[in-house]
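Undergrad: Chain by chain, the residues run as shown.
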Amino acid sequence: MRKGQHRFVAGFLLFPVTLYVIFVIWPYIQTFGYSLTDWKGQSQTFSFVGLDNYTKLLEDDIFMGAIWHNVLFLVFIPVITILLALFFAFMVNAGGRGRSGGVSGVAGSKYYRVVYFFPQVLSLAIMAVLFGAVYRSDGGGMLNGVLIKLGLVDENSPVEWLNEPNFVLWALIAVVVWHGVGFYLVLFSAAMQSIPRDIYEAALIDGAGRAQSFFRITLPLLWDSVQTAWVYLGIAAMDMFILVSTMTAGDYGGGPDHHSEVMSTVMMRNFLLYGRSGYACAMGVVMLLLTLIVSVVMLRATRRERIEF
Amino acid sequence: MGSTSAENEGTGSAQNTGAGDNGTTGVGRRALIKRSAALGLISVPTMSFLSACASGGGDDDSGDNEGKTSDSNPFGVKEGTKLDVVIFKGGYGDDYAKAWEAAFKKKWGVTSVHTGTQEITGKLQPRFNAGNPPDIVDDSGAQQIPIDVLHKNKQLLDLAEVLDAPSADDPDKKVRDTLIPGTLDAGMQEGKVVALNYIYTVWGLWYSGKLFKEKGWEAPKTWDEFLAICKDAKSQGIGGLAHQGKYPYYINVAIMDLIAKKGGLDAMKAIDNLDPKAFVGSEAATEAIEAIYEVVEKGYLMPGTNGLTHTESQTRWNQYKAAFITSGSWLENEQLKTTPDDFDMKFLPMPPLADSALPFEAIRAGSGEPFIIPAKAKNLPAAKEFMRLMLSKEWATLFAKEANSLTILKDGVDPNVQLRPGTASTVDASKAAGDNTFRYLYTEWYSEMGTAIENASNELMAKRIQPKEWLKRAQAAVDKQAKDPASKQNRRD
Numbered sequence: 000m001r002k003g004q005h006r007f008v009a010g011f012l013l014f015p016v017t018l019y020v021i022f023v024i025w026p027y028i029q030t031f032g033y034s035l036t037d038w039k040g041q042s043q044t045f046s047f048v049g050l051d052n053y054t055k056l057l058e059d060d061i062f063m064g065a066i067w068h069n070v071l072f073l074v075f076i077p078v079i080t081i082l083l084a085l086f087f088a089f090m091v092n093a094g095g096r097g098r099s100g101g102v103s104g105v106a107g108s109k110y111y112r113v114v115y116f117f118p119q120v121l122s123l124a125i126m127a128v129l130f131g132a133v134y135r136s137d138g139g140g141m142l143n144g145v146l147i148k149l150g151l152v153d154e155n156s157p158v159e160w161l162n163e164p165n166f167v168l169w170a171l172i173a174v175v176v177w178h179g180v181g182f183y184l185v186l187f188s189a190a191m192q193s194i195p196r197d198i199y200e201a202a203l204i205d206g207a208g209r210a211q212s213f214f215r216i217t218l219p220l221l222w223d224s225v226q227t228a229w230v231y232l233g234i235a236a237m238d239m240f241i242l243v244s245t246m247t248a249g250d251y252g253g254g255p256d257h258h259s260e261v262m263s264t265v266m267m268r269n270f271l272l273y274g275r276s277g278y279a280c281a282m283g284v285v286m287l288l289l290t291l292i293v294s295v296v297m298l299r300a301t302r303r304e305r306i307e308f
Numbered sequence: 000m001g002s003t004s005a006e007n008e009g010t011g012s013a014q015n016t017g018a019g020d021n022g023t024t025g026v027g028r029r030a031l032i033k034r035s036a037a038l039g040l041i042s043v044p045t046m047s048f049l050s051a052c053a054s055g056g057g058d059d060d061s062g063d064n065e066g067k068t069s070d071s072n073p074f075g076v077k078e079g080t081k082l083d084v085v086i087f088k089g090g091y092g093d094d095y096a097k098a099w100e101a102a103f104k105k106k107w108g109v110t111s112v113h114t115g116t117q118e119i120t121g122k123l124q125p126r127f128n129a130g131n132p133p134d135i136v137d138d139s140g141a142q143q144i145p146i147d148v149l150h151k152n153k154q155l156l157d158l159a160e161v162l163d164a165p166s167a168d169d170p171d172k173k174v175r176d177t178l179i180p181g182t183l184d185a186g187m188q189e190g191k192v193v194a195l196n197y198i199y200t201v202w203g204l205w206y207s208g209k210l211f212k213e214k215g216w217e218a219p220k221t222w223d224e225f226l227a228i229c230k231d232a233k234s235q236g237i238g239g240l241a242h243q244g245k246y247p248y249y250i251n252v253a254i255m256d257l258i259a260k261k262g263g264l265d266a267m268k269a270i271d272n273l274d275p276k277a278f279v280g281s282e283a284a285t286e287a288i289e290a291i292y293e294v295v296e297k298g299y300l301m302p303g304t305n306g307l308t309h310t311e312s313q314t315r316w317n318q319y320k321a322a323f324i325t326s327g328s329w330l331e332n333e334q335l336k337t338t339p340d341d342f343d344m345k346f347l348p349m350p351p352l353a354d355s356a357l358p359f360e361a362i363r364a365g366s367g368e369p370f371i372i373p374a375k376a377k378n379l380p381a382a383k384e385f386m387r388l389m390l391s392k393e394w395a396t397l398f399a400k401e402a403n404s405l406t407i408l409k410d411g412v413d414p415n416v417q418l419r420p421g422t423a424s425t426v427d428a429s430k431a432a433g434d435n436t437f438r439y440l441y442t443e444w445y446s447e448m449g450t451a452i453e454n455a456s457n458e459l460m461a462k463r464i465q466p467k468e469w470l471k472r473a474q475a476a477v478d479k480q481a482k483d484p485a486s487k488q489n490r491r492d
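From first to last, the protein sequence lines are chains A and B. For the record, in the first sequence the residue sitting at position 303 is 302 according to numbering that gives the first Met the number 0, with numbers rising by one throughout. For the record, in the second sequence the residue sitting at position 195 is 194 according to numbering that gives the first Met the number 0, with numbers rising by one throughout.
Same shape as in the complex, but just chain B (with noise of 0.2 Å):
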């Protein structure tokens, strides 16, 4: 290979120690340039791929999506433009926002890219954190981005615009006017909703028509009445509650409304507003988990529940296995595929203790399955758009057809449309409820004090703690939450 005279490459022999050592007094001036031609080349690639790092993510212009806005055209939706969709695939599937979106392009002439995942977190942290979101997201699930935690981040677009725009259904109304009252709180974050929480939801127990039928059973109105099902059951060697034990949140979710319905809105507020006598010192809160604690006490668990998964425990409970399983009203969706046909699927709600503030008809109803806008996304005219046809009845319509379940658009569900008997359950309970539903809010807020519960809560159902303990446990948990000052912003009266 030729080489410059300048330099001594150090070759031959037993001296051989390396290029330095042989005198030679600096580079020569055609190996600088070959030197700096070659820094230069790798530094172009290098700096591309250094910009590209978590720490990068400039802003982009999204300036070319607007277009202008009218009476029928509130946020001024460009046709031809693009809409970014991310749908968590889970109980409800993904087919209804295909049909959305399919809808919208018909309306609208915007293309959708749409991406059913149930790896929320997975997928989007790395587009959050680089500043380019997709345009609406469906951020549910086991890996849901905590709606808090993406709030304290600035990452979301406050829904107000979109809710205080004209209906789709009857532009003179707004359209917070058309959904059922008190839906919208679960998406709120230090007063501003943040999140729509799209599906409305029912959480109670779920038993099988057909199978109380056989044993002559009659859905109980009252604990006692439920804990005689239970031993009855057991007595037969079916399993009395099942629940879903590998994630306590199932279970946590009866405990929690047995003391609301005890104890009230009022004992609900305090733990929502983490109140100093919430746990421990509150007459509904022993009560509720003592006689849980009785359940298990007493061998009315179906064997084996408290390690599986939902899944798993649900199918069983399919089988004829145990009476009653913990549930909200995804169930029948998720279960479609494993459920005989005559099974007869219905709805619960928790029967309450003697005494209760609140009557049997009391259910935790809410919405679930929470709906964001990307305060970066790119098309925020269609996403916003998007969203406010969502709450019209032509697309709740289309969901409940999709997903068997209903939405947050008050009579939003065409009487002609046929329901499967668990939601056609679940509408009659709602209807018996009338007012008298209620929702946590802690569970929105606070991420890490409700997993403390549910730690609790899941020790509980294994026997490894006595009520006393849990209640210490979760005062512990609710404490340590009131000391962060941040969360005096959350407030509910």
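Only chain A is shown next, with the shape it has when bound in the complex (with noise of 0.2 Å):
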């Protein structure tokens, strides 16, 4: 470093930093601060109570199985979306049969990487709509409408989606999986450009077919994107916020009677509308600590050897 330079660096860092602190690392602090009171959320009378809050968690029956729902969407939400975004990107890439011995995508993949990127472009608040319009729970839904058309439901009957707790939960993977496959198929393309043309030229000289060039070389090489690509649909998967409250029954979402809960859909229900306005401050510690958690067991339980070419 040249003289001087370290606090030339700083002090262009000084505003944005300050600004971080202020509005990102204060309002967590208050949020702790507030979880040991019995705020209510409208003035500013409130007395310490410890760790009460905490302990009343462990016995909020909703609030535990609004954990359980998170975590099943951790479970399959990553997991199918990163399947599909590899699978696709893949075909786009290296899947198609060369037609002049090379490596190259299937045929119209300039047209498919675009194409499967415009959900991304759309916003979570419009997916609501759009998805509230397909799920719509009578004859008017798009796929009730199909589905009574081939005669497969009954139309005094029909499925109410958003209505069922079976169902609910998958509808909503559904929507998240459709908005997220164009972002990470993107990324897996990006990476997969910078594997070099000779590895798969070699592989396919030797005769491996496409899904041993996948899982032999692609996968391997992509192993960094898609780790980054797990934890950030983690954290996505932890939080669902926007598409559970709007699009599933009850105050702040939640679905038929707590079925589809998740813990941000809780805090906020008990910080607006309840007025436990600590308690719900109690959630927000414990939805912070648990996504820590796990995206520090995700980079750990993912982590390879880097490569380098």
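Check the hints yourself; a few may be wrong.
Here chain B is said to cover these stretches of chain A; the calculated rule only asks that three of the stretch's residues, wherever they fall, bring their Cβ under 8 Å from a Cβ of chain B [said to hold, decoys possible]:
| hint | segment |
| --- | --- |
| 1 | 159-168 |
| 2 | 248-255 |
| 3 | 270-283 |
Think of the hints as simulated: they come from the structure by calculation, not from any bench. Being a predicted model, the structure only gives us computed values, none of them experimental. For each residue, glycine too, the CB sits at the ideal point set by N, CA and C.
Make one complex out of these two single chains by using the hints.
TA: What follows is the structure, given as structure tokens:
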């Protein structure tokens, strides 16, 4: 570093770091502080109750159920999204039967790349309205309309997708996967394109099929991106607030009778509706800890040796 | 860059290990001055940021909003001040408020800052916390800040001042004597009136006069007649009863009203007062919930209604896909754009079960749409005067014209005002009901218990639980609330 460069860099960093501390870190600290009180959310009169809120949390069936739903999302959303994104990325980059003997994507892959990214362009709020109409519980919904026309569903008892405890979580997973695949497709595509073609060609010459190329070459060399994608999707799965609160029934969502609750909706309801803001802050702290633990575990578990090429 | 002799920035070569290691004996004088100046510079905005955080908020002096009081100016409104008005922009819109504000400006010279929004909690919770709430709020809608929560946080002004002031129409009468009796109860928390529920609302079933004429149906006066129409409708491919499934609040109103009509006011008060036999062990509750379950079991619901939002189900009903729908009297205004011109919307009190304590004409009626004055409002005199004028004939008529609805002011609407069919039928129903109106209060006091009962109703409508289970769950919610010592303050006779 040149003389004075530290100060130069620090000078530029000062403002953004201050903003970050004030608007991100300071609210975190405040939340932790409020979680030790019985704050009711509408004024500044409250009393210190210590760890009472946390012990109450352990006995709260609704919150425990919500954690379980978050875990379910955590298991399924990253796996399904990444598998689909990897598959499509491979197809679009290296899946075509090479016409000129080289490695290329399937026919039309230029267009697939663009089209698959469209869902990511829509905001989650629009997705909620869009899929609300798809999952609409009478004949006017897209799914029900199609199924009724095909005769698979009785007109007088259409499937209430978002009102059925057995379907609601899957319906939400479908929305998140649909929204996310495009982004991770582009991510993996970019990573794949940095894999030198010679490796693929060598494999082709050795007689490797598409599946073998994928599992032996692409996947190991892509592992860094997969790891990142896993962590991002895991964090999204621990949140899920927008979709659950707008698409499912009840105040701030939660689905038929708490069957699609997630930690963030329970927290919101307690914070704003029931006036139990101190309790909700305790939930927030628990959410933070769980998400941190999940991220760290996932990063460790998916660690592999770096391969330089 | 010129640097002082006392600093070693550790430049050059491979052993660059950072400034501190290269034998600095401490900070030089010049560096100290520079650093402390920098620290001082950032500490000023930092302090102002920190003081603006959630725990900040001091009180402001609102003394310059007080004018002289007089007979015609009982609260001392000062000309030229501002009034901060926040209105929930829902089924009634907010044009009525704008008309009021214009009239207020003409009379008192007070300019109003108007905010019409659906995000009451989103916009106002931070303001309540910071100690600078608006002057008068229509706290309603899906994002309503629950009144009991505001009251527990001591954020609401006791409205006794406004209610005991002379009425704007007749100075010999107090404001509270010009209102329809019983309408202030809904705004009471722990014995004080802290919210003015302004709009006189009736709840019940709604149907299309045109559809009924076509099919040769008569408006049902008993539960059995109601079931007969549903059966006939089903055979013709029309749904019998539609409800706003995504918001179990609506069907829950119908269930509760059946209970009240069957068991009389005692059954209703048992629930409000958290009686241990409010649901399990109550004959009225058992019969009512079994009657509703019969509707579900026999397939008289409009297909798919259990998952529809309010606008979806109400629009379907406007399209003649269902005979009846549950709702309150905001329905006509809400569906103004989608109702066909010849729909002939009509209101129907809940058809009672056999041997009911209350007659057919009895309706759940009461005041909805709570208006509150925050205790820490800046312009209290103008806010109180605004509320007093809301309860005058002139403003009540303005409201009826813009929002197609009645207010709690007795005979508040000018008879020359032409009302729409739905609203007109509610006026007739109110007249027929006379003193036979009832209103549950637990919805204002216990938001968590209300939610738990609504969840149970949702499950029942989807046939996932049976009536016995519903009664158990409702009773469990009541018992849980009864354990809270503060609930003893909310009692009704």
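Undergrad: Each hint needs a verdict: does it hold in this structure or not?
TA: Now for the hints, and whether the structure bears them out:
1. 159-168: holds (count 6)
2. 248-255: holds (count 4)
3. 270-283: Per the Cβ count (4), the hint holds.
Of the hints listed earlier, there is not a single one the structure fails to meet.
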